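> Sequence:
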Amino acid sequence: MSDIIDRDVKVKLAAWGAWTRNIGNTGSCSSPAQALINCAPFDDSEAKRYARYAVFEHISDEEALEVERAMATLKRYSARLDVALGHMLDNELDDDNLLICALMYYVLEEYFRHDESASHIARELTKRLGKKITDVKVKVIMERGAGFIEGVLIAD
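The sequence shown begins at 109 in this note's numbering and counts up one residue at a time.
To be clear, the hints were calculated from the coordinates, so they are not data collected in a lab.
Note that the structure is a prediction, hence the values are computed from the model and not measured.
Note that the Cβ used here is the ideal one computed from N, Cα and C, for glycine as well.
Each hint should be verified, as a subset may be incorrect.
[Claimed, not checked] Straight-line C-alpha distance at most 35 Å; calculated DSBU-like pairs for lysine-lysine:
{"#": "1", "residue 1": "K235", "residue 2": "K247"}
{"#": "2", "residue 1": "K240", "residue 2": "K183"}
{"#": "3", "residue 1": "K247", "residue 2": "K183"}
{"#": "4", "residue 1": "K118", "residue 2": "K240"}
{"#": "5", "residue 1": "K118", "residue 2": "K183"}
{"#": "6", "residue 1": "K247", "residue 2": "K118"}
[Claimed, not checked] Here are the in silico distance ranges between beta carbons for each label pair:
{"#": "7", "residue 1": "D169", "residue 2": "T234", "range": "14 to 24 Å"}
{"#": "8", "residue 1": "I262", "residue 2": "K235", "range": "27 to 37 Å"}
{"#": "9", "residue 1": "R129", "residue 2": "E232", "range": "13 to 23 Å"}
{"#": "10", "residue 1": "E232", "residue 2": "E170", "range": "27 to 37 Å"}
{"#": "11", "residue 1": "D169", "residue 2": "G259", "range": "19 to 29 Å"}
{"#": "12", "residue 1": "E170", "residue 2": "T242", "range": "32 to 42 Å"}
{"#": "13", "residue 1": "E170", "residue 2": "R221", "range": "16 to 26 Å"}
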């Protein structure tokens with residue numbers, strides 16, 4: 109059952125990311141058909157953006173705002189850990205749990221809202237932190253972040 113819930117949260121996060129990219133200046137999501145058109149994969153050998161959204165689920169504005177509130181909660185949580193993360197990196201301490209928790213918001217934001225790949229996020233984090241971050245670590249961070257969002261959505 110846990111895999112089903114986790115998959116549903118990832119589908120909801122993917123739909124939320126497409127919803128945020130689709131808002132534009134109107135302040136709300138366009139029709140479900142337009143959302144499908146905007147997020148459908150296209151055949152371009154140079155750029156394969158949106159390939160992971162081949163199966164796209166429509167999300168209502170209300171559901172998207174619930175995910176947005178959960179992301180805001182995660183952002184506040186991650187921001188509190190940034191100071192501890194800076195101290196950890198300055199003193200070359202190794203605490204993977206702190207690193208994972210502090211980066212959950214950034215990874216989910218980049219992956220779902222800005223549609224970046226795990227390997228791109230890993231390269232950016234490696235540059236930013238000065239510590240080697242692999243795409244496998246990014247996927248672990250993403251799993252924990254999805255679990256956090258799931259918990260917040262269930263609690264509401």
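> Does each hint hold? Answer for all of them.
Status of the hints after comparison with the structure:
| no. | hint | verdict |
| --- | --- | --- |
| 1 | K235 <-> K247 | holds, 18 Å |
| 2 | K240 <-> K183 | holds, 23 Å |
| 3 | K247 <-> K183 | holds, 18 Å |
| 4 | K118 <-> K240 | holds, 26 Å |
| 5 | K118 <-> K183 | holds, 18 Å |
| 6 | K247 <-> K118 | holds, 12 Å |
| 7 | D169 <-> T234: 14 to 24 Å | violated, 37 Å |
| 8 | I262 <-> K235: 27 to 37 Å | holds, 35 Å |
| 9 | R129 <-> E232: 13 to 23 Å | holds, 19 Å |
| 10 | E232 <-> E170: 27 to 37 Å | holds, 32 Å |
| 11 | D169 <-> G259: 19 to 29 Å | holds, 23 Å |
| 12 | E170 <-> T242: 32 to 42 Å | holds, 37 Å |
| 13 | E170 <-> R221: 16 to 26 Å | holds, 18 Å |
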